[in-house]
Amino acid sequence: MKALVPALLATTLLAAPLLAGCSAADAPALEPIPGSITYGGQPRTKLTKSPIGSAVYNDFYNQWGQHVYETYILQPDRSLKLVRRQIVPDFPQ
0 MKALVPALLA
10 TTLLAAPLLA
20 GCSAADAPAL
30 EPIPGSITYG
40 GQPRTKLTKS
50 PIGSAVYNDF
60 YNQWGQHVYE
70 TYILQPDRSL
80 KLVRRQIVPD
90 FPQ
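So the sequence shown is residues 0 to 92, counted in numbering that gives the first Met the number 0.
These are computed hints drawn from the structure, not numbers from a lab. Mixed in with the good hints, there may be bad ones.
Said to hold, decoys possible - Here are the in silico distance ranges between beta carbons for each label pair:
1) Arg84 to Leu46: 29 to 37 Å
2) Ser53 to Phe90: 26 to 34 Å
3) Phe90 to Thr44: 28 to 36 Å
4) Pro42 to Pro91: 31 to 39 Å
5) Gln41 to Gln62: 19 to 27 Å
6) Pro88 to Lys48: 31 to 39 Å
7) Phe90 to Lys45: 36 to 44 Å
8) Thr44 to Asp89: 24 to 32 Å
9) Arg83 to Ile51: 14 to 22 Å
In this text, a Cβ means the ideal position worked out from N, Cα and C, and glycines have one as well.
Model the full assembly from the supplied sequences, consistent with the hints where possible.
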């Protein structure tokens, strides 16, 4: 057991710098697809009564008939930022 602790410590110390460079900010931004709220640009109406940072949800069927759920976050300039897209089957398997 005592020999295992230094090995785990060494592994952790070696892996920490590698994982430090990983973050969600490095992930590419989601691009709107046909059916997305922001497809073709931001909506013309501004969400003036919604608080900044609130979530807006959208669900639709894409061109292949798949059910798509999207989540947007309201930005300080009242634009919507697409932060999540999930494609779900209509009938669970």
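A quick look at each hint next to the structure:
1. Arg84 to Leu46: 29 to 37 Å: violated, 20 Å
2. Ser53 to Phe90: 26 to 34 Å: Given range 26 to 34 Å: holds, Cβ gap about 32 Å.
3. Phe90 to Thr44: 28 to 36 Å: holds, 35 Å
4. Pro42 to Pro91: 31 to 39 Å: holds, 32 Å
5. Gln41 to Gln62: 19 to 27 Å: holds, 22 Å
6. Pro88 to Lys48: 31 to 39 Å: holds, 35 Å
7. Phe90 to Lys45: 36 to 44 Å: Once the Cβ atoms are compared, 38 Å apart, the range 36 to 44 Å for Lys45 and Phe90 holds.
8. Thr44 to Asp89: 24 to 32 Å: The hint (24 to 32 Å, Cβ to Cβ) holds, given that Thr44 and Asp89 are roughly 30 Å apart.
9. Arg83 to Ile51: 14 to 22 Å: Because 18 Å falls inside the window, the suggested range holds.
Checked against the numbered hints listed earlier, the structure breaks hint 1 alone; every other hint is satisfied.
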